[in-house]
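With the hints as constraints, model all of the structure from the sequences given.
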Amino acid sequence: MKNFQLVRALSTASAVGIMSKDTASMFIAGGTNLVDLMKKDVERPDKLIDINGLDLKGINRLKDKISIGALAKNSQVAEDKIIQEKHPLLALALAAGASQQIRHMATVGGNMLQRTRCPYFYNTDMPCNKRVAKSGCGAIGGYNRMHAIFGASESCIAVHPSDMCVALAALDATVCVEGPKGKREIRFGDFHRLPENNPEKDNTLESKELIVSVEIPDNAFSKNVHYLKVRDRSSYAFALVSVAVALDIKNNRINEARLALGGVAHKPWRLTEVEKFLKGKTTSEAIFRQAAAMAMQGAKGQGENNFKLKLAPNAITEALTIAASNNRL
Numbered sequence: 001m002k003n004f005q006l007v008r009a010l011s012t013a014s015a016v017g018i019m020s021k022d023t024a025s026m027f028i029a030g031g032t033n034l035v036d037l038m039k040k041d042v043e044r045p046d047k048l049i050d051i052n053g054l055d056l057k058g059i060n061r062l063k064d065k066i067s068i069g070a071l072a073k074n075s076q077v078a079e080d081k082i083i084q085e086k087h088p089l090l091a092l093a094l095a096a097g098a099s100q101q102i103r104h105m106a107t108v109g110g111n112m113l114q115r116t117r118c119p120y121f122y123n124t125d126m127p128c129n130k131r132v133a134k135s136g137c138g139a140i141g142g143y144n145r146m147h148a149i150f151g152a153s154e155s156c157i158a159v160h161p162s163d164m165c166v167a168l169a170a171l172d173a174t175v176c177v178e179g180p181k182g183k184r185e186i187r188f189g190d191f192h193r194l195p196e197n198n199p200e201k202d203n204t205l206e207s208k209e210l211i212v213s214v215e216i217p218d219n220a221f222s223k224n225v226h227y228l229k230v231r232d233r234s235s236y237a238f239a240l241v242s243v244a245v246a247l248d249i250k251n252n253r254i255n256e257a258r259l260a261l262g263g264v265a266h267k268p269w270r271l272t273e274v275e276k277f278l279k280g281k282t283t284s285e286a287i288f289r290q291a292a293a294m295a296m297q298g299a300k301g302q303g304e305n306n307f308k309l310k311l312a313p314n315a316i317t318e319a320l321t322i323a324a325s326n327n328r329l
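Numbering of the sequence shown is given in full-length UniProt numbering, commencing with residue 1 and proceeding in unit increments.
All clues stand as given, with none of them false.
With a cut-off of at most 20 Å between alpha-carbon atoms, the simulated EDC-like pairs for lysine to aspartate or glutamate come out as follows:
| # | residue 1 | residue 2 |
| --- | --- | --- |
| 1 | Lys201 | Asp190 |
| 2 | Lys300 | Glu196 |
| 3 | Lys63 | Asp172 |
| 4 | Lys181 | Asp22 |
| 5 | Lys223 | Asp80 |
| 6 | Lys279 | Asp248 |
| 7 | Lys81 | Asp218 |
| 8 | Lys208 | Asp22 |
| 9 | Lys65 | Asp248 |
| 10 | Lys281 | Glu318 |
| 11 | Lys310 | Asp232 |
| 12 | Lys223 | Asp248 |
| 13 | Lys39 | Asp50 |
| 14 | Lys2 | Asp36 |
| 15 | Lys40 | Glu200 |
| 16 | Lys281 | Asp248 |
| 17 | Lys201 | Glu178 |
| 18 | Lys65 | Asp172 |
| 19 | Lys134 | Asp41 |
| 20 | Lys57 | Glu178 |
| 21 | Lys47 | Asp22 |
| 22 | Lys276 | Glu256 |
| 23 | Lys63 | Asp80 |
| 24 | Lys57 | Glu185 |
| 25 | Lys81 | Glu215 |
| 26 | Lys208 | Asp46 |
| 27 | Lys65 | Glu215 |
| 28 | Lys86 | Asp172 |
| 29 | Lys86 | Glu215 |
| 30 | Lys201 | Glu154 |
| 31 | Lys183 | Asp55 |
| 32 | Lys183 | Glu206 |
| 33 | Lys208 | Asp55 |
| 34 | Lys57 | Glu215 |
| 35 | Lys208 | Glu185 |
| 36 | Lys57 | Glu79 |
| 37 | Lys65 | Glu185 |
| 38 | Lys39 | Asp125 |
| 39 | Lys2 | Asp41 |
In short, the hints are calculated from the structure, not lab data.
Here the structure is a predicted model, which is why all the values come from computation and not from measurement.
Take a look at the structure:
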């Protein structure tokens, strides 16, 4: 690990100000991903800006939405009564992520910014366009069992590892950020990006911007929800495929639907066309299987991950079935 300087920011403005003066700086909160990357020499900052002292830990009920501070811990959010009542899908997704110890350290903002777990990205002896531009993608034609079946490019087939982000994508969240140019809001679906020809860019944050909160609008998805995570072992494993489902059902008819996939693309993969198809439909296994088949349009395996082409639609069908049968109080 490269030697670095550690400074503590006392306010959001000071954190942004320090970052603006030193382009080789990075923000650090829980550090559950960044420290690993520094140990592997994937990230080599000259300075770390500790933001743990900022007042960004609250979970607040606003007029027509809930605001979650960027420094709120994953476990804090998952166990919060407001979240469990209003947005149980988010609580379920967070509970499925990592280990209990990591959830006690990891923050909402850090979860959003975590980087891919592609082994070629972590191994500095191997080619990776995300780590070193134009060095190649070792996963294409190499070990790619965990990799993308949607939205990949000739430059990168890595996947985003977060569970929390899959739920936030389905719930139409908004990311609130602050930077040298002031404050702005980013639709969650626009926050993460596909690799295209610039796989080193994981998201649409501008230089020196800091995530301050995530806002989730009120919705009717407090009952018929489910987060299904298919993985190699039952704990502390990243998703092969995950499915976030939220349904608003009245008399067995779907008024609204939200679906997103994880473990299949460089960003949470929102299924907007499937949502439109499900709206107004009566719940049934046949309808859910049609929806799952529709969701796979454009999917492409990379060789070792071809099994995801069958796993994903089966997972979607199962997640929809469970969500539709839920009777949450």
